[in-house]
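Residues 5 to 247, numbered by the working numbering, are exactly what the sequence shown covers, in order.
Rather than coming from a laboratory, the hints here were simulated on the basis of the structure. Be careful, since some hints might not be right.
As the list claims (entries may be wrong) - Below, a list of computed lysine-lysine pairs in the DSS-like style, where the Cα atoms sit at most 30 Å apart:
1) K217 - K176
2) K191 - K118
3) K192 - K217
4) K118 - K176
As the list claims (entries may be wrong) - Here are the in silico distance ranges between beta carbons for each label pair:
5) P108 - D233: 19 to 27 Å
6) D186 - F213: 35 to 43 Å
7) A77 - D225: 26 to 34 Å
8) E175 - R104: 14 to 22 Å
9) M85 - K212: 48 to 56 Å
10) G177 - N148: 20 to 28 Å
11) I228 - G183: 37 to 45 Å
Beta carbons are placed, not taken as given, at the ideal position from N, Cα and C, and that holds for glycine.
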Amino acid sequence: SPRGTETRPPRIMWVRALSLAAIAASSVSAFAPLGAPMGLSQRAAPAISCGRAPAVAPFGLRMADDAPEAEVAYKIGTRAMAISAAIAHPPSVAADGDIRQIIPHRYPFLLVDKILEHVPGESAVGIKCITANEPQFTGHFPDNPIMPGVLQIEAMAQLGGFIALQPPLAEKGQNFFFGGVDNVRWKKPLVPGDVLVMEMKVKVFKKKFGICKMEGKAYVDGKIAVEADFTFAVVTPPPAVAA
Numbered sequence: 005s006p007r008g009t010e011t012r013p014p015r016i017m018w019v020r021a022l023s024l025a026a027i028a029a030s031s032v033s034a035f036a037p038l039g040a041p042m043g044l045s046q047r048a049a050p051a052i053s054c055g056r057a058p059a060v061a062p063f064g065l066r067m068a069d070d071a072p073e074a075e076v077a078y079k080i081g082t083r084a085m086a087i088s089a090a091i092a093h094p095p096s097v098a099a100d101g102d103i104r105q106i107i108p109h110r111y112p113f114l115l116v117d118k119i120l121e122h123v124p125g126e127s128a129v130g131i132k133c134i135t136a137n138e139p140q141f142t143g144h145f146p147d148n149p150i151m152p153g154v155l156q157i158e159a160m161a162q163l164g165g166f167i168a169l170q171p172p173l174a175e176k177g178q179n180f181f182f183g184g185v186d187n188v189r190w191k192k193p194l195v196p197g198d199v200l201v202m203e204m205k206v207k208v209f210k211k212k213f214g215i216c217k218m219e220g221k222a223y224v225d226g227k228i229a230v231e232a233d234f235t236f237a238v239v240t241p242p243p244a245v246a247a
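The task is simple: from the sequences and hints, build the whole structure.
See the structure below:
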């Protein structure tokens with residue numbers, strides 16, 4: 005070699021050449037399919053971007069920016085809105101205040117929440133929403149609240165009273181009382197959270213004697229809960245005696 009030029013031993017240059025070849029081979033194999041022979045390129049190496057790599061959330065969580073465009077984020081209230089629409093009551097024809105103007109019952113013994121249908125002198129459909137804070141559940145039963153069967157019958161009777169105390173069956177100022185109840189069948193226990201949908205229908209009305217017979221059925225979630233036949237007495241209260 006010329007004077008002043010550094011001469012490297014052949015062995016060192018050979019080792020370096022071997023090392024560079026090994027590095028190149030490993031780089032190719034990293035992008036080649038498994039089982040591909042060394043030195044044979046099976047596919048082109050991916051292009052290397054000079055931009056910054058996207059951030060990866062720890063523990064496999066996907067970052068918001070990485071979500072597929074087709075995926076729509078869940079909006080709070082979607083499920084509640086769908087369930088509420090599925091169990092929505094039909095529009096009422098008589099609300100709490102309207103019911104109070106017809107029948108004399110008051111809290112805690114007013115057991116009809118609203119009237120959904122009413123055909124004067126013939127029939128009515130009403131509901132009773134059962135809640136855990138009703139007074140009867142403090143003793144019936146403290147650790148297993150069940151609506152007493154007699155109160156289920158009472159709720160249906162009050163719905164019957166809504167029919168009986170209006171024209172054409174009754175005149176203003178008249179009242180009604182139980183005359184009898186027959187063929188009662190309870191089909192399932194009623195618990196807080198249930199909505200009792202009741203229907204009462206007039207079978208016989210004898211105005212001369214003030215006797216009104218009705219049949220009634222009540223349902224929870226579309227299944228029969230209680231049914232019975234009712235007899236009411238529609239009466240005119242005696243005039244008040246002056247003091």
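Hints, one by one, checked against the model:
With a C-alpha separation of about 20 Å, the suggested pairing of K217 with K176 holds against the 30 Å cut-off. This hinted pair checks out: K191 and K118 have alpha carbons roughly 23 Å apart, not beyond 30 Å. Only pairs whose Cα atoms come within 30 Å are accepted, and K192 paired with K217 is accepted, the gap being roughly 25 Å. The straight-line distance between the Cα atoms of K118 and K176 is roughly 21 Å, inside the 30 Å bound, and the hint therefore holds.
About 23 Å separates the C-beta atoms of P108 and D233, a value consistent with the hinted range of 19 to 27 Å. In this structure, D186 and F213 break the distance hint of 35 to 43 Å, their C-beta atoms being roughly 18 Å apart. Range check, A77 to D225: about 33 Å between beta-carbon atoms, so the 26 to 34 Å window is met. Taken as a hint, the range 14 to 22 Å holds for the pair E175 and R104, whose Cβ atoms sit roughly 19 Å apart.
A beta carbon spacing of about 54 Å between M85 and K212 agrees with the range 48 to 56 Å that was offered as a hint. Between G177 and N148, the C-beta spacing of about 43 Å breaks the proposed range 20 to 28 Å. The supplied range of 37 to 45 Å is broken by I228 and G183, whose beta-carbon atoms lie about 24 Å from each other.
Violated hints for the displayed structure, listed by number in ascending order: 6, 10 and 11.
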